[in-house]
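The hints should help you fit chain B onto chain A, whose structure is shown.
There are 2 protein chains.
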Amino acid sequence: MKKTISQATIDRLPLYFRTLRLVEAENMDIISSDELGRRLDITPEQIRKDLATFGQFGRKGIGYDVRELRDRIGNILGLHNKWRLAIVGVGHLGGALANYVNFAPLGFSVVALFDNDKEIVGSEVNGLEVNDASSMEKIIAERSVDIGVITVPASEAQGVVDSLIAAGIKGIWNFAPIKLNVPIDIPLVNEDLSVGLSALSYHMSQD
Amino acid sequence: MKKTISQATIDRLPLYFRTLRLVEAENMDIISSDELGRRLDITPEQIRKDLATFGQFGRKGIGYDVRELRDRIGNILGLHNKWRLAIVGVGHLGGALANYVNFAPLGFSVVALFDNDKEIVGSEVNGLEVNDASSMEKIIAERSVDIGVITVPASEAQGVVDSLIAAGIKGIWNFAPIKLNVPIDIPLVNEDLSVGLSALSYHMSQD
Chain A
402 MKKTISQATI DRLPLYFRTL RLVEAENMDI ISSDELGRRL DITPEQIRKD
452 LATFGQFGRK GIGYDVRELR DRIGNILGLH NKWRLAIVGV GHLGGALANY
502 VNFAPLGFSV VALFDNDKEI VGSEVNGLEV NDASSMEKII AERSVDIGVI
552 TVPASEAQGV VDSLIAAGIK GIWNFAPIKL NVPIDIPLVN EDLSVGLSAL
602 SYHMSQD
Chain B
402 MKKTISQATI DRLPLYFRTL RLVEAENMDI ISSDELGRRL DITPEQIRKD
452 LATFGQFGRK GIGYDVRELR DRIGNILGLH NKWRLAIVGV GHLGGALANY
502 VNFAPLGFSV VALFDNDKEI VGSEVNGLEV NDASSMEKII AERSVDIGVI
552 TVPASEAQGV VDSLIAAGIK GIWNFAPIKL NVPIDIPLVN EDLSVGLSAL
602 SYHMSQD
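Chains A and B, in that order, are what the protein sequence lines are. Quick note: to get this note's numbering, add 401 to the position in the first sequence (first position is 1). Quick note: to get this note's numbering, add 401 to the position in the second sequence (first position is 1).
Here chain A stands alone, though its shape is the one from the complex:
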């Protein structure tokens, strides 16, 4: 069943989830919409409206139970699925993602690495061997990979995505600066590090 949550609310869920995890690490059990709003720079009214979408949470004048709310949002985000990732393109960015420690607590694990550079194939990154891109289809099936992470140059990205989809991947996380064509039933999220930096530039340019 598809939930009727607005796209704007969905976009904010990962931010709520991230903040609740930070709050939990600070040993806070209860958080008010005011405090959540202060940390996220979102109005408390917006937060109460977003969270009301999933049912009754929190108590008036007290606040939200941090762990309960985090679990509920985590479930809505599908984080209980324990997604398995393959990184294609083990250059600087792919290598950094293979070593990124903040995925594991969310239930994501990197289970395969691929490259077509003979100097990189066979090496180990964070305890995982880099496989030749030609073995992608076989290994993705064997290791039940769910998500393909695209960290190859833009010119190679569409070819890699076509192979991943042929191999049965369920979602694509793309770092290549190019518009990819994927079937409508394969979710695609484009990541561009220059977007955050541009937003910072904007704020620094205001008097």
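What the hints contain is simulated information worked out from the structure, not anything from laboratory work. Note that the coordinates shown come from a computational prediction; the quantities given were computed from them, not determined experimentally. Do not rely on the hints blindly, as some may be mistaken.
Each pair may be met inside one copy or between any two copies, as identical chains are not told apart.
[Unchecked claim] Restricting the straight-line Cα-Cα distance to at most 30 Å, the calculated cross-link-like pairs of lysine-lysine (DSSO-like) are:
{"#": "1", "residue 1": "Lys461", "residue 2": "Lys580"}
{"#": "2", "residue 1": "Lys580", "residue 2": "Lys483"}
{"#": "3", "residue 1": "Lys519", "residue 2": "Lys571"}
Coordinates of chain B only, in the frame set by chain A:
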């Protein structure tokens, strides 16, 4: 003078800018709000409303001049400022950012690298020497660094930010998973790679 552009519109500007750059690379001179909308998954009405905020662009039934619109949005984003970055923490992620090729076309340049690990200090990353964190204040002044990029562990992030601000930095781009305290006049953008991945998880969890 502060422009009265809504936060939601500002958040979309880097996406418009990124898409216009891709479109330009495809040698398109004119783009319609329909086509921009299709590429960004934003309604054409929303796009026309956002762009109307900055004055009259585009011609009814024809579309927007790609280069003109890209330049105009780039100026609003302050990208003409040619910001100078220092990366603090040259681990996997910091190293990947030092090598990231997509910043330069936007006018960002990495001019300094810092770490406190003796094994890393003195090494070269993308042609730039890694300096000892103890020399941060001096080098940031010498090289007129504008933006501090925080890629140290969460436990060290606040201390690094305090030093950067004392050294006269004008903005902070933070990758450490922690809420940082900065003076109100120093813009701060928090980056969390797990946010995009969580959004992908959400879409993959829908039937």
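* To do: Starting from the hint list further up, note which numbers the structure goes against and sort them upward.
  => none
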